[in-house]
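Each protein sequence line maps, in turn, to chains A and B. Residue numbering for the first sequence follows my numbering, beginning at 1 and increasing consecutively. Residue numbering for the second sequence follows my numbering, beginning at 1 and increasing consecutively.
The hints are simulated quantities; they were obtained by calculation from the structure and are not laboratory data. Here a beta-carbon is modelled for each residue, glycine too, at the ideal position from N, C-alpha and C. Do not rely on the hints blindly, as some may be mistaken.
[Said to hold, decoys possible] Derived pair list, reagent style BS3-like, types lysine-lysine, alpha-carbon separation capped at 25 Å:
hint	chain 1	residue 1	chain 2	residue 2
1	A	Lys-303	A	Lys-131
2	A	Lys-227	A	Lys-14
3	A	Lys-79	B	Lys-14
4	B	Lys-227	B	Lys-241
5	A	Lys-131	B	Lys-218
6	A	Lys-134	B	Lys-218
7	A	Lys-131	B	Lys-253
8	A	Lys-73	A	Lys-303
9	A	Lys-131	B	Lys-14
10	A	Lys-14	A	Lys-303
11	A	Lys-134	B	Lys-14
12	A	Lys-134	B	Lys-134
13	A	Lys-218	B	Lys-77
14	B	Lys-340	A	Lys-14
15	A	Lys-79	B	Lys-218
16	B	Lys-131	A	Lys-218
17	B	Lys-241	A	Lys-14
18	B	Lys-43	B	Lys-77
19	B	Lys-305	B	Lys-218
20	B	Lys-134	A	Lys-131
21	A	Lys-218	B	Lys-134
22	A	Lys-79	A	Lys-131
23	B	Lys-73	B	Lys-305
24	A	Lys-303	A	Lys-340
25	A	Lys-340	A	Lys-73
26	B	Lys-340	B	Lys-218
[What the hints assert, rightly or not] Some residues of chain B that are not near chain A, with every Cβ distance over 12 Å (derived):
hint	residue
27	Leu-37
28	Thr-245
29	Asp-254
30	Glu-339
[Stated by the list, open to error] Per the computed footprint, the stretches of chain A lying under chain B, defined by three or more beta-carbons under 8 Å from a beta-carbon of chain B, are:
hint	segment
31	73–87
32	241–248
33	265–273
34	308–321
35	324–330
2 protein chains.
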Amino acid sequence: MIFLSEKMARACFKLTTPPSITAFSAVGGKKENEGPLGNCFDKINDDPYFSTETYEQGESQLQKQAVRFALEKGSLKEKDIDFIFGGDLLNQCVGTTFGIMNYNIPFLGIYGACSTMSEGLLLASLCIDNKIGKRVVAVTSSHYCTAERQYRMPIDYGGQRPPTAQWTATAAGALVVENSDNPPFVRGVCVGKIVDMNVTDANNMGAAMAPAAADTVKRFLEAFSMKPEDFDYIVTGDLGKIGSTLFCDLLEKDNINVRENHTDCGLMLYNFSDTDVNSGASGCGCAASVLCGYFLPELQRGKIKNILFCATGALLSTTVNQQGEPIPSICHAVWISSEKNNLDFKFSK
Amino acid sequence: MIFLSEKMARACFKLTTPPSITAFSAVGGKKENEGPLGNCFDKINDDPYFSTETYEQGESQLQKQAVRFALEKGSLKEKDIDFIFGGDLLNQCVGTTFGIMNYNIPFLGIYGACSTMSEGLLLASLCIDNKIGKRVVAVTSSHYCTAERQYRMPIDYGGQRPPTAQWTATAAGALVVENSDNPPFVRGVCVGKIVDMNVTDANNMGAAMAPAAADTVKRFLEAFSMKPEDFDYIVTGDLGKIGSTLFCDLLEKDNINVRENHTDCGLMLYNFSDTDVNSGASGCGCAASVLCGYFLPELQRGKIKNILFCATGALLSTTVNQQGEPIPSICHAVWISSEKNNLDFKFSK
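Take these sequences, add in the hints, and give me the full structure.
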């Protein structure tokens, strides 16, 4: 692993032995099944309770299922996994706690709101590239009913949702990172910074997150001396319609044009003919399931060569938001490629 | 770094070039100043609001101050830090978010409840040992007034506290990990597992956490073929009186006697003549400030040779606790030594 020590390259790492994402799974709910990616899920649960008594227990099932399917698809057992990076949107990440405690696997909790899959994949890849474990899992989830009642209104209240609102995905993604010659590979990563542009509207997460995504993408491209067109897709997590426009506009101010190859998981998961969707999908499970259900299979098959996966997290707390505080955000970037070493790029240093 | 791949050694790592904790700071409040470790703090804040408008903003100040003092004591600037691992007890870790966003430093959020300092130090040490960055910070905090109103009762309510209750510390600790020949050094780490013994009482965190601490300490000792007496102290995070007794009892069942050299940060921070303290101190800031204010200076001076630092986290969520769910817990272990390579131990493999 080469450490890029220039100022702009801080916390950007090129992986010398690009780790492979050897197994992955996506789990979703009824609405996710009805969207354009419905056939990309390994498992669909029509019951929002997942046959449990509470939505929170239901979200735990999402993570439990996602890890189980990823292990099964990789012909792996619990003992084959050294440790798991996991987290979710719920207070104290209980979706993860109660999902993962079913497995006898050491665990490191992470919190990055909807950027969690980027953060987990970034950390897992750094670990495997440096032989800190042989096989590491990253997992995350979100659930419409748990998230809405925690962050906004209980769904039973039937509150009106403004056009800027996004629909929290009921979904999870899990993946296994290890050394292997099978694509896809993680080639480089960039640790994000907390960015605060003073957005205070809990119904406009896209606007809050776009500046963080733009900051990280800019830092990544500069550190690796790469251009947007080196990637088939620059994939943001869940900026939605509003945030995606802002993201492209912000980068354009720095003379970086991503309009041609930017896409957003929040724009891919649902049919926009469904008016409930408003600005698009959101939640940790959105970026995680679109990555594990759509992009990783396409990269594995070589249909897509390179993506820059940039899940974005709005670090929203209802407590401090109601005290008038803004919603700072963060975005971590992970370069995933169908080839181990297919771009002859120079480093800025 | 040597990877211990035996079954019992899973997720245990010996650091080949033990990283050094070169700078550290502890920040506290009025009650912490009045305890036995009062003179160990770099900064005491008598005002629980820290000259801000809310307790949550106050907690952010704790982290902001802790990082600033650690940097100052190490003659470091923001740009010298590659990234920060940080988290706290508050929903969405807002103490950390609003503390760290003041610095222009990449950030990776972690969630391990009161085990956060162990988790951050573990990850920072693995990073530095593998040259993933040159200099990494770990930070965490807790605040009595923010934690009590989030997890139990707003303090204004004046609720009665049972004898098993612990007093959440208003404190923070921050430390800088890098390669150096100056003690103390991180020699080995063990990633914890989520352990659930079906404790449901939010006023008895010690009982919830003791099994996780016992599990991790047992795994560490087996993986490294070490004995409790190899350490001057086996330091748990905040088990308090109840949890400490349980911890020793649990290990005794496995023929591991830690009674002679076990200590607990929750037993060290306050005077027990203060009846409010009940079972002892707790909170992320308890273990973090006792580590950074007391143990690290003693290790630096060589007064203490070896400790096994085991901050313990109760993954308590009020939402699911009120639904009748238990309080699973986790504990990560970090071996900190005054010498880089002073124990001639054999690995189990």
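What are the numbers of the hints that this structure violates, sorted from low to high?
-> 1, 7, 14, 17, 32 and 33
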